[in-house]
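Take these sequences, add in the hints, and give me the full structure.
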Amino acid sequence: MGELTAQSPMDGMMPTRIGGVALREVDLGALTLVMPYRGADDALSGALEAGHGLRWPDAGRMTGTTERGVMWFGRTQALLIGVEPGEGLSVHAALVDQSDAWAAVEIEGDRAAEALARLTPVDLRTGVFGVGHTARTEVAHMAASLTRTGEATFLLMVFRAFSRTLVHELGTALEGVAVRAAR
Amino acid sequence: MRLPCPICGERDRREFYYAGHAVALERPGEGAGAKAWDDYVHNRENPCGETRDLWFHESGCGAWLVVTRDTASHAVLSAVLAEEAAR
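So the sequences go chain by chain: A and B. For the first sequence, counting from 1, position 67 maps to 67 in the working numbering; every step adds exactly one. For the second sequence, counting from 1, position 77 maps to 77 in the working numbering; every step adds exactly one.
Bear in mind the hints are in silico, worked out from the structure with no lab data behind them. Keep in mind that this is a model prediction, so the values were computed, not measured. Every residue, glycine too, gets a C-beta built ideally from N, C-alpha and C. Be aware that a few hints might be false.
What the hints assert, rightly or not - Not everything, but these chain B residues come out facing chain A in the computed CB check (under 7 Å):
#1 Ile-7
#2 Asp-12
#3 Arg-14
#4 Ser-59
#5 Gly-60
#6 Gly-62
As the list claims (entries may be wrong) - Some chain B residues near chain A, calculated using beta-carbon distances under 10 Å:
#7 Arg-2
#8 Glu-10
#9 Tyr-18
#10 Arg-27
#11 Gly-29
#12 His-57
#13 Leu-81
This is how it looks when you write it as structure tokens:
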């Protein structure tokens, strides 16, 4: 069998800069979807603290960082980022390795929110969607996860198969916003 | 139209899938007659006014909701998790 070379989802498409907004691919490392069994929320939260020093997030929030953290990922679901799950977790929750399933992009720039507002129905104003807030939503009709990681920085995740479509959609939105701002 | 998801907060209608009247939560019991099953499977009210519908927060948190809204004024009155409404 020949030598296989791992390719990242955004290989050859990022980093790039469009209309003053930077797009960077993020390698989140190990991604594990954690789904607590019925009635096991507290036990799971305890096991997360004990084993990894991480807290289970409230709905729409993330704890820790995008290098090592837990991101709320839907009703009774969260994504464990950058950590190999310890033995203690599987007693309380179903775990699914999704490390290679997602394409993750960091979008940074003053007009990032304005461009994203063209693609998603989520209210992105800082008073509503602040740093550390996360949402499952749609972005250009694709199932997505969107997190504000800084005042003008977002982490956007879509299924890996949609990475090229995402780059295209982001490009169109960013170019449109830039043209409008230049007028 | 925005729906107040109990988990996510107020969200745009685009994130939801509409699944009709919440009668689906009231499954007839064992031994119920043909009439009850006919109503459960086929017959639906078409109210002018308050109605209870099932909505699936498909692009959001993935929860099923029972939304109460007014078909005449288009006001959205409330939304609760279907798992709680079904209890």
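| Holds or violated: is there a CB of chain A closer than 7 Å to the CB of Asp-12 (chain B)? | Cβ of Asp-12 (chain B) sits 3 Å from chain A, so the hint holds.
| said: Given Tyr-18 (chain B) as an interface hint, is its Cβ closer than 10 Å to any Cβ of chain A? | reply: Status violated, d = 16 Å.
| said: Checking hints one by one. Is Arg-2 (chain B) an interface residue toward chain A, by the C-beta closer than 10 Å rule? | reply: Holds - the Cβ of Arg-2 (chain B) comes within 10 Å of chain A, reaching about 9 Å at its closest.
| message | Can you verify the interface hint for Gly-29 (chain B): is its Cβ closer than 10 Å to any Cβ in chain A? | response | The hint is violated - Gly-29 (chain B) has no Cβ within 10 Å of chain A, the shortest such distance being about 24 Å.
| field | Interface hint outcome for Glu-10 (chain B) [beta carbon to chain A under 10 Å] | value | OK, holds: Glu-10 (chain B) within 10 Å of chain A, min 8 Å.
| Given Ser-59 (chain B) as an interface hint, is the shortest Cβ-Cβ distance to chain A below 7 Å? | holds (4 Å)
| said: A closest beta-carbon separation below 7 Å is what the hint needs, so does Gly-60 (chain B) meet it against chain A? | reply: holds (5 Å)
| Interface hint compliance - Gly-62 (chain B) to chain A, C-beta minimum distance less than 7 Å | holds (5 Å)
| field | Interface hint compliance - Leu-81 (chain B) to chain A, C-beta minimum distance less than 10 Å | value | This hint holds: Leu-81 (chain B) lies near chain A, its Cβ roughly 8 Å from the closest one there, short of 10 Å.
| Is the hint on His-57 (chain B) kept, meaning its closest Cβ partner in chain A is under 10 Å away? | OK, holds: His-57 (chain B) within 10 Å of chain A, min 8 Å.
| query | Does Arg-14 (chain B) meet its interface restraint, that is, does its C-beta lie within less than 7 Å of any C-beta in chain A? | reply | holds (5 Å)
| task | Grab the minimum C-beta distance from Arg-27 (chain B) to chain A and call the hint holds if it beats 10 Å, violated otherwise. | result | violated (21 Å)
In this structure, the earlier hints numbered 9, 10 and 11 are contradicted, and the remaining ones agree with it.
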